[in-house]
Every structure is written in C-alpha cells, then in structure tokens.
Amino acid sequence: MTGLQQYDLVILGAGPAGMASAKEASEAGLNTLILDEQPRAGGQIYRNIGRPILQNRSILGEDYYVGESLLAGLAQASLTHISNATVWEVTGDNTLCFSAEGMSRQVGFKKLLLATGAQERPVPFPGWTLPGVMTCGAAQILLKSSGLTPVEPLVIAGSGPLLLLIACQLIRAGVRVEGIVETTPTANYGRALKEIGGAIKGWRHLLKGMRMLNEIRRSGVKFYKCATELRAEPGSDGNLASVSFRKGSTLHQLECQTLLVHQGVIPNTQLGRAIGLEHQWDEVQQCWKPTLLENGCSSHPDIFIAGDSAGIGGAIVAEIQGRTVTNEIVQQLGLKGKKDSEIDSLRKELADQLAIRPFLDYLYRPLDMFLRPQGETIVCRCEEVSATEIRGLVKQGCVGPNQTKAFCRSGMGPCQGRQCGSTVTALLADELGSNPSDVGYYNIRFPIKPVTLGELASLSQPAQDGTVK
Amino acid sequence: MTESVRLNRGSSDVAVIGGGLVGLCIALGIQKQGQQVTVYDEGDVALRASRGNFGLVWVQGKGDNLPEYARITRLSAQLWAGLADDLTQHTGIDIQLQQRGGLFVCLSESELQKRQVILEQMAIEHPEGYPYEVLDLQQLREMIPDIGPEVAGATWGPEDGHVNPLYLMRALVARFESLGGKLVNAGRVSNIIPQQGQFVLQTEQGDFSCNKVVLAAGLGNKELGPMVGIDAPVFPNRGQVLIAERVRPFLHYPTGHVRQTEEGTVQCGDSKEDVGFDTGTTTEVLAQIAQRATTMFPLLKEVNLIRSWGALRIMTPDGNPIYQQSKQYPGAYLVTCHSGVTLAAAHAGPIADWISTGSADSAIDLEKFHGSRFQL
Amino acid sequence: MAADFSFNRLPCNERAEVEITIEGHKVIALEGETVAAAVMHSGLRPTRTTAVSGTGRAPYCMMGVCFECLMNIDGKPNTQACMTEVSEGMVITVQQGAREIGGDRL
Ligand SMILES: Cc1cc2nc3c(=O)[nH]c(=O)nc-3n(C[C@H](O)[C@H](O)[C@H](O)COP(=O)(O)OP(=O)(O)OC[C@H]3O[C@@H](n4cnc5c(N)ncnc54)[C@H](O)[C@@H]3O)c2cc1C
Ligand SMILES: Cc1cc2nc3c(=O)[nH]c(=O)nc-3n(C[C@H](O)[C@H](O)[C@H](O)COP(=O)(O)OP(=O)(O)OC[C@H]3O[C@@H](n4cnc5c(N)ncnc54)[C@H](O)[C@@H]3O)c2cc1C
Ligand code: FES
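Chains as they are written, first to last, in this note's numbering: chain S, 1 to 469; chain D, 470 to 845; chain E, 846 to 951.
Treat the hints loosely; a few may be bogus.
As a list, the in silico SDA-like pairs of lysine to any residue whose alpha-carbon atoms are at most 20 Å apart [unchecked claim]:
id: 1; chain 1: S; residue 1: LYS395; chain 2: D; residue 2: VAL514
id: 2; chain 1: D; residue 1: LYS651; chain 2: S; residue 2: GLY397
id: 3; chain 1: E; residue 1: LYS921; chain 2: D; residue 2: SER647
id: 4; chain 1: S; residue 1: LYS395; chain 2: D; residue 2: LYS651
id: 5; chain 1: D; residue 1: LYS741; chain 2: S; residue 2: SER460
id: 6; chain 1: E; residue 1: LYS921; chain 2: S; residue 2: MET103
id: 7; chain 1: E; residue 1: LYS921; chain 2: S; residue 2: ALA85
id: 8; chain 1: S; residue 1: LYS395; chain 2: D; residue 2: GLY733
id: 9; chain 1: E; residue 1: LYS921; chain 2: S; residue 2: GLU431
id: 10; chain 1: S; residue 1: LYS225; chain 2: S; residue 2: HIS252
id: 11; chain 1: D; residue 1: LYS651; chain 2: S; residue 2: HIS252
id: 12; chain 1: D; residue 1: LYS651; chain 2: S; residue 2: GLU431
id: 13; chain 1: S; residue 1: LYS395; chain 2: D; residue 2: ALA655
id: 14; chain 1: S; residue 1: LYS395; chain 2: D; residue 2: LYS837
id: 15; chain 1: E; residue 1: LYS921; chain 2: S; residue 2: ASN84
id: 16; chain 1: S; residue 1: LYS395; chain 2: D; residue 2: ASN654
id: 17; chain 1: D; residue 1: LYS837; chain 2: D; residue 2: ASP700
id: 18; chain 1: S; residue 1: LYS395; chain 2: D; residue 2: ARG520
id: 19; chain 1: D; residue 1: LYS770; chain 2: S; residue 2: ALA100
id: 20; chain 1: E; residue 1: LYS921; chain 2: D; residue 2: ARG717
id: 21; chain 1: S; residue 1: LYS395; chain 2: D; residue 2: SER647
id: 22; chain 1: D; residue 1: LYS837; chain 2: D; residue 2: LEU535
id: 23; chain 1: E; residue 1: LYS921; chain 2: D; residue 2: VAL514
id: 24; chain 1: D; residue 1: LYS770; chain 2: E; residue 2: CYS857
id: 25; chain 1: D; residue 1: LYS770; chain 2: S; residue 2: LYS110
Keep in mind that the hints were calculated from the coordinates and are not lab data.
Using the sequences provided together with the hints, build the complete structure.
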C-alpha cells in the first residue's frame, strides 16, 4: 500500500519484552514504532512504573521497581512511542490498524514484533460472574496504578506463583485476608517432583516461592491447602456474599465481599489468531501458544513473537527474548547485530531462566473443575452460556468450537472468546474423547478490539500520511 | 486400500453430501417422507456459506434474469412461515423469522432508478403480480426515522424478511435428528462410485452406501458433480460481513445492507469480490461497508464493531440455482444456489419432494435450472 | 451508592485530583487512574447489567480482556472503564443491558 507511514519494525506491547526490543532496535538504527494500549509503558509486571503510586515501596517489592531501568532504556531510545494505542487489525500485506484517541490509523511495517504478553487463565466455577469476584491480577493492577486495596472481608482462591505474590503484596499493604484457598491438587506435588532437576537449576525462583509461603504463614492468614468444589454465592442484592469450598471431608464457607481468583496465566494469542498464524496446544502448560521457530519467527515470515505471548516464561525471559528476537530482526533487515558470543550468553541465560518452568507448570496445573467445568457453571460470560449447554451440543453434531459458536453464541460477545475459548475447546475434547489439539480453537476475526463503525468508515477515505478522521 | 477391503460403515436410502443449509433442508424434507437419510459433512473448519451469511429471506429483485427463479423464490418465501412453525414447534428453537417486508436502500438517485427499472421489468414478466414500491427519502423516513439525510430512497418488497441463520441451522439439525435422520461428520467425501443402481461414498472413515445421493456440498459440488456425470460450474464469491454490538431496537425492517437481529446486534454487509477461496477480511472493504452503513444510518457511527468475517457465496455463471438429476446415473441429484436461506422452505418442501418421489411439482419448471444451460 | 463496597486508598504519592460524577454522585479520583478504579473506590457495585439476562456484573480483569467493565462514560455507552482514564468533569453511569443509540429519542 502506498502513502502509508512505513516502519522497519513495529513493536506491539511495551512490557518487558517490548521495552527491551525497543532499546535494541533503536541502537541498531531501525526506524521503529512501539504501540501499547496502556496509557504508560511497563506491561503487566511493571504497570505504571513511570510514576509509582504507592508511598510504601515495600508493598510491591523490589522486583517491581526493577522495571525502572527498562523504562529508562525505552525513554532514551530514538523511536516513535504511541500510548493508548490499541491495535485492532494486522493484514497479510504488512500493514496494521490501530485506534488512538477515537481515531484509527494505518501504518506499514517490514517486520512486526508481537509482545502482547499474557492474560490470566479464565477460571470458570459456580458464581465466578458475581460482582465482587475478580482476578488476582485485577487487584494487583488496582494496587499498582491506583493504590487501591479490595473491600474486606477478602478471600483469595486459586493456585500459582502469582497468587502467592499478590497475596503477599496485599498482606504487606495491611489488608485483612480471611483465607487463602489453595486449589493446587495433591497429585500435582508428586508429578512436579519429577522435574526437580530444573527446579534446582532455577533455585532463585524456588527460594522466592518459599519466602512468599513463609511470609503468608507468618502473617497468620488462614491457608486452606488442596481445596476443591469452589463456589461463590450471592447475597440478596445479587452481589458476592460468601465463598464455599471443600477441604478433605469438611465443607467450609467464608463470608466475603471480595473474592480474588487466579489459576496462572496463558499467552495472549488473540492477535496472532486473527492474523491466522499457526498455533499449537501445549499440554504441559494447558494452553495454546503460537508455533515459532527458534529465532522467534511465527508462521508468517515477517511476524515475530517474544515474551509471554510466545509462551509463558515470566518477565526476565520476556526481556531476554525481546533482545534476542530483535537481534534476529536486525540481521534479517541487513544490519549488523550483536556479536555471536553475546547472543550465546543471552541464550544460555534464557535456558537457565526457563529451567524451572516444567516444575512450575506441573505443580500449578489447575484442578480439573476449572479446566473442564460441569453443570450450570457459566463458560461464556458475555453470552451467558453454561457448561451443560456446550457439552450438549456435541450430541447435535458439533465437533468443534466454531460449530458450537454458531449454535449457541458462545464466543460471540465483546470479549471475542478470550474468557471462554480455552474452556470450550476443553469441554468439546472431553465430550468427544479427543484432545484440544484435534478439537481446535475459535476462528478469531478482526477487529480484535471493538472499534466504532464511524472510525472504521473513516478509513475508506484516503488521506495523506495515513491519518484519517 | 482396495475397494473390496474398505470397511462399509453403513447404508441409507438417501445420502446427502453437505451439511449446510441446502443439504439440511433437503435431508429434512426427504426424512419427513419416511425415507432414511444420512447427511455427510466435514469437520469444524470448512468452507461454509451457511455460517457466514446475512440471514435475509429476500424476494425483491431476485430472478431478474430468470422468471422461474423469481417464482421459486416467492414460493419459498410463502412456505417459510410453515417451515419456521414446524421447526419451532418441534425443537423449541426460535429461529426469529420475520416477514414484515424489507427495504433496499439506495444512496444515489441513479442507484434508485436502476432498481426501479429492474423491478418494473419484473412486474411485466410476472403477470400474476409482482408487489413492490419505490420510496423517496421522505416516505422512507416515515418507516425508519433514523435514516440518514444523504439517502436517496429505497425500494420496498412486502414479501421480504429475515431469520437467524445460525439458529436455523441448529433447528434443522435438531428436527432432522429427531425424525431419525443421521448426521455423520466423517470428513470430506472423496469419491462417489455408482454401483449397480446404488452409490458408494468414500470418506476418511470408510465407505457408506445409498440408493440415492444428493450433492449439496456447496463449493464442493464442483469436484463431486463429475463423479456422477453432472457438470457444476460453481465458483466462490466472497462477501464480508460486519457485526456491531447489541443496541436497543432501531431498525424494524431488514435492508439489503444492514439488518438488526432480534438479539439487537447489527449486521452490515453485501460486498461481492472475486478472490478465490480466501475467507479473510480486508480493511478497505470493511471500511467501505461501514461507510455505506453509517451513511444509511448515521446513528451507527458511534456503535462498536465487534466482529467481521468473510464467507464465500456459491455462484453459478448466471447467478441462478442448479437443480438437476444425473442422466447417466439416475438417483444422483445436484443442488446448489446462492440464496440458501431464502430458498430453505422450497428445498425442504418441493425440491425434497422432487428428489424423494422422482417427479417435480407442477408449480415450478425445474428444467429451467438444469446445468446444461451453461454448456451453450 | 453503597459505601460498604469501596476499595480502600493507601497512602499515595502526590497526584492531582480530578472531580467526576458516578451515578449522580460527585467523587474525587486521582489523575491518571482508570474509570474502573475510580468506580471501585466509590463503592459502586454492580457496574453494569447484562444485555442477555439483566444480571449484575462488575470489573473482573482490569486489563481489557473480559469486557465486564462496560459503562456509560460521558454519554458513550458500552465503554471499557478499565481502559479509560478519568478526566475532570467526567460523567459515569451504570450500563443497563443493551446500549442506547441515537440519544434519548429511542
Ligand atoms: C494481570 C497480570 C499481572 C501480572 N503481574 C506480574 C507480577 O507482578 N510479577 C511477575 O513476575 N509477573 C507478572 N505477570 C506475568 C507477566 O505476564 C510477565 O511477568 C511479564 O509482564 C510479561 O512481559 P511481556 O512483555 O511478555 O508482556 P506484558 O508485560 O504483558 O506486556 C504486554 C503489553 O502489550 C500490550 N498489548 C496487548 N495487546 C495489545 C494490542 N492489541 N494493542 C496494543 N497493545 C497491546 C499490553 O497493554 C501490555 O502493556 C502478570 C501477568 C498478568 C496478566
Ligand atoms: C456473505 C454472504 C451473505 C449471504 N447472505 C444471504 C442472505 O441474506 N440470504 C440468502 O438466502 N442467502 C445468503 N447467502 C447465501 C447462502 O448462505 C448460501 O446460499 C447457502 O448457505 C448455501 O448453502 P450450502 O449448503 O449450499 O453451502 P455451504 O453452507 O457452503 O455448505 C456446504 C457444506 O458441504 C460440505 N462439503 C463440501 N464438500 C464436501 C465433501 N466433499 N464431502 C462432505 N462434505 C462436503 C461443507 O463442509 C459444508 O458444510 C449469503 C452468502 C454469503 C457468503
Ligand atoms: S475489567 Fe475486564 S475488560 Fe475491563
């Protein structure tokens, strides 16, 4: 397409992966654009790091403030950085559309780096749609960007390292936690131990985990291990009133006004799906991820992926990948990249950082009730479709999620399947006696974020410099 | 694998290849006659016009180059209420049929005039009467207060309507299965072998046999037709469709470009591109559709688009259906059209009867739809 | 507004204050925070009712992926409150079911 602003590299996402990439790209002399839908760079882990809001730095801990140096790197980089810019379409002919301040713009790129990060795994269970139930990550976002803590009484339920971190952060912030309901299944511990070799290599992470557990123990907050049958109950006003669960043979009920839930994070694949990139099912991490070459290249030769959107590895991995993948891009564009020795040492660091993953993935594999819900549990929050309804459609001849979508609207609401996609696939696999790989995933369509018809219409009028209003 | 060792997985009176709207309607119609029908379809991802269409039961202007097509279209529109009642009554699924009439909105005087000429001509060709009206902007505004000021006018067809095509599919499957019909997602039928008055269908999951076979495989008919001696020169024509979020009801009648579903979502569409088998969307076309839709209904400017898709129409060179029995292999039929929603009731009724009984309803001259017309 | 649902504000670094209106009540928000955060601080719950069944919902993910935070912001229905920053004088109301279009006439 002619007349569009052209870039050597467009980076989507200004989290650790995107920020690290931006620095490399600008140092190599690439004409680079970085876009992020957040008002400020940082991504999920370093959200709002440019203007930390909490007076007490110990609440979020030093791992948060580490992000300041990455941000400084981005600030010094010579490139174009547009915030509040939501990318809603990428086309095969190397152009993309983004919406910023109610206006859509199209730009062209030679190479594209998707560094769009992760989202928390959807956690369907009875009552998860009640006002008052939110994700642990959501509570952390409120803490990082507004200095807010949830209304008490508060219960935290779920599994995973991020849950422990956020519990610790809230406890440090002085929040009274009624209980932490840990749903990690007993059987996981045995399975994870087989991966202990990797865990020992990643001992730093292991140590952090133990410190967090200790911190929780010392705080005196009640810790219910191996809980099952999680259920949130409404009060007469329709808002969350209590949470119940089973531990051993005892049924517990805790009154609460906030319930924070979490079952790990999964790659944000929405954009890659809509572009039509190849994806594969990761049985260990129980999620979809893009199929990538070792150099980070997707099934489209000009589209690369780094960070958690390439597969969950955490912030440090994201940062290293941001650098290595950008180096590859720099070289493919015919410029001089890093020395081989430098790349080798980055690769080694990457391997070390990833060593603990199998242990964590097996340990924190969610309880079956969250992966394959039953009964009236809502699966599609937008269109309010239950697990029973989805399961029942198999009897009507549906063999895949695109057929169930057509039959019951699951996945057709504004979230476009982000909250139900993985569950619907799992339910169909369950009913058909096959596996997610064979069942497949929703066809995701543009726009991946809502854009008004007026804004879209304005793109039909050619304008100079690709800006249209 | 040689034919003799391939597993025979079952047999039926009638096999319908293709589980889209066309195949399901015909299968339902024949099953209702008491014959055992099996529908063979592909898996989750396939080219399917039936899942990507606009949901119009549309009469006005259809068949401007073939009066017989206009007749079967109107017949189907008349039979539609009966089909909808039957489906809702037996499956409990409300397929949201509304036939209160429809509008074809024109943005320019010349566009309106062209429409008018077509419809006038059709009225002459149909001595039985061909109802329509031409509305100027003022008259149109009385029907739709939110119509945009740049609109020239519209043509009104009292027989037009719309339906929820996805619920229609779901209801057809449920009704067909409740009558004992079988749906087999066995993947592509790769070969049809006529054998002593019967047919053997080869699939990834083994062979199936039948006495009659109906080719209703949409674009797949091009490949399947010659296996039973029928030439089906169908080709894809892409349409892109936009879906905007649910809004309060504002559009009481479907239009050729924009319609509001009963859920409240707004669909905009009607692009026609010759792009092969690409079901993608393009910014340019989507933007044009949005431009047209927001000119017709300016209040849509602020509404969020939440999804878009491309789907392939199944076109014939003259745009009209093919209904044909094989001369070489009697018992093999081919059915294809590019208005499978509109013609659903005709397919489930007279067309299914024609296939199950072997003789056509006198109301329609099916010879007019023979594929031999393309060999001239 | 049921004050008992309000999220608590910890001691914060210096920020300009912004006055906004939530469901007819004037409240103070911090410059740079999202509408969803301000709404949680105000204690409003639920923040929308669904178009399908009319049940109440409230922000769930705070990062733009669940669309539970849809509200009417400055007259613009179905706006993601967790992706919109507050600004002086903003008027925010609960999103009741399907959105309105074309102003009051409908
Ligand atoms: C809610 C949440 C909280 C987390 N908190 C922590 C934590 O405290 N500690 C920790 O170690 N790990 C945390 N994680 C894990 C986190 O994913 C990684 O640690 C790290 O942030 C991954 O970095 P990244 O660069 O790959 O992606 P992210 O940091 O997630 O950055 C991706 C960026 O892409 C942007 N983006 C996505 N889609 C689009 C689009 N279409 N258009 C424009 N921009 C887009 C997003 O706004 C985001 O800023 C959290 C994850 C989540 C989901
Ligand atoms: C954008 C768009 C808008 C439209 N709008 C309208 C409208 O408003 N009103 C209207 O009346 N019509 C409309 N149509 C047309 C309508 O959708 C089609 O006429 C109708 O769906 C055709 O149905 P079908 O069953 O022939 O084809 P399809 O729906 O394509 O089904 C064919 C089926 O056959 C299967 N198949 C193919 N090959 C094989 C094989 N070898 N073995 C086994 N199975 C096979 C496929 O998997 C598929 O399921 C529209 C079409 C499009 C694309
Ligand atoms: S709270 Fe999930 S999108 Fe805003």
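Checklist entry - Within 20 Å, alpha carbon to alpha carbon, are LYS395/S and GLY733/D? => result violated (29 Å)
Item to check | Pair hint outcome, LYS395/S versus ALA655/D [Cα-Cα no greater than 20 Å] | outcome: Holds. LYS395/S to ALA655/D sits at ~15 Å (cutoff 20 Å).
Next on the checklist: LYS395/S and ARG520/D were given as a pair; does the straight-line alpha-carbon distance stay at or below 20 Å?
Outcome noted: holds (19 Å)
Checklist entry - Does the alpha-carbon distance linking LYS651/D and GLU431/S stay inside the 20 Å limit? => result Given that 20 Å is the threshold and the Cα spacing comes to 19 Å, the pair holds.
Item to check | Pair hint outcome, LYS395/S versus LYS837/D [Cα-Cα no greater than 20 Å] | outcome: At roughly 40 Å apart (the allowed maximum being 20 Å), LYS837/D and LYS395/S break the hint.
Next on the checklist: Would the hint linking LYS921/E and MET103/S be met if the CA-CA limit is 20 Å?
Outcome noted: Measuring from Cα to Cα gives roughly 15 Å; hence the hint holds.
Checklist entry - Is the hinted pair LYS837/D and LEU535/D satisfied, with a Cα-Cα distance of at most 20 Å? => result Holds, at about 8 Å.
Next on the checklist: With the threshold set at 20 Å, check whether the alpha-carbon distance from LYS921/E to ASN84/S stays at or below it.
Outcome noted: holds (18 Å)
Next on the checklist: Against the 20 Å threshold, does the CA-CA distance of LYS395/S and LYS651/D hold or violate the hint?
Outcome noted: Holds, because 12 Å separates the two Cα atoms, which is no more than 20 Å.
Item to check | Distance restraint between LYS225/S and HIS252/S, which requires alpha-carbon spacing of 20 Å or less | outcome: This hinted pair holds, its Cα atoms lying about 12 Å apart.
Next on the checklist: Just to be careful, I want the Cα atoms of LYS770/D and LYS110/S compared with a cutoff of 20 Å; is the pair within it?
Outcome noted: violated (32 Å)
Item to check | Given hint GLY397/S paired with LYS651/D - CA-CA distance at most 20 Å | outcome: Between LYS651/D and GLY397/S the Cα gap is close to 10 Å, so the pair holds against 20 Å.
The structure fails hints 3, 8, 9, 11, 14, 23, 24, 25 (numbered hints given earlier, in ascending order).
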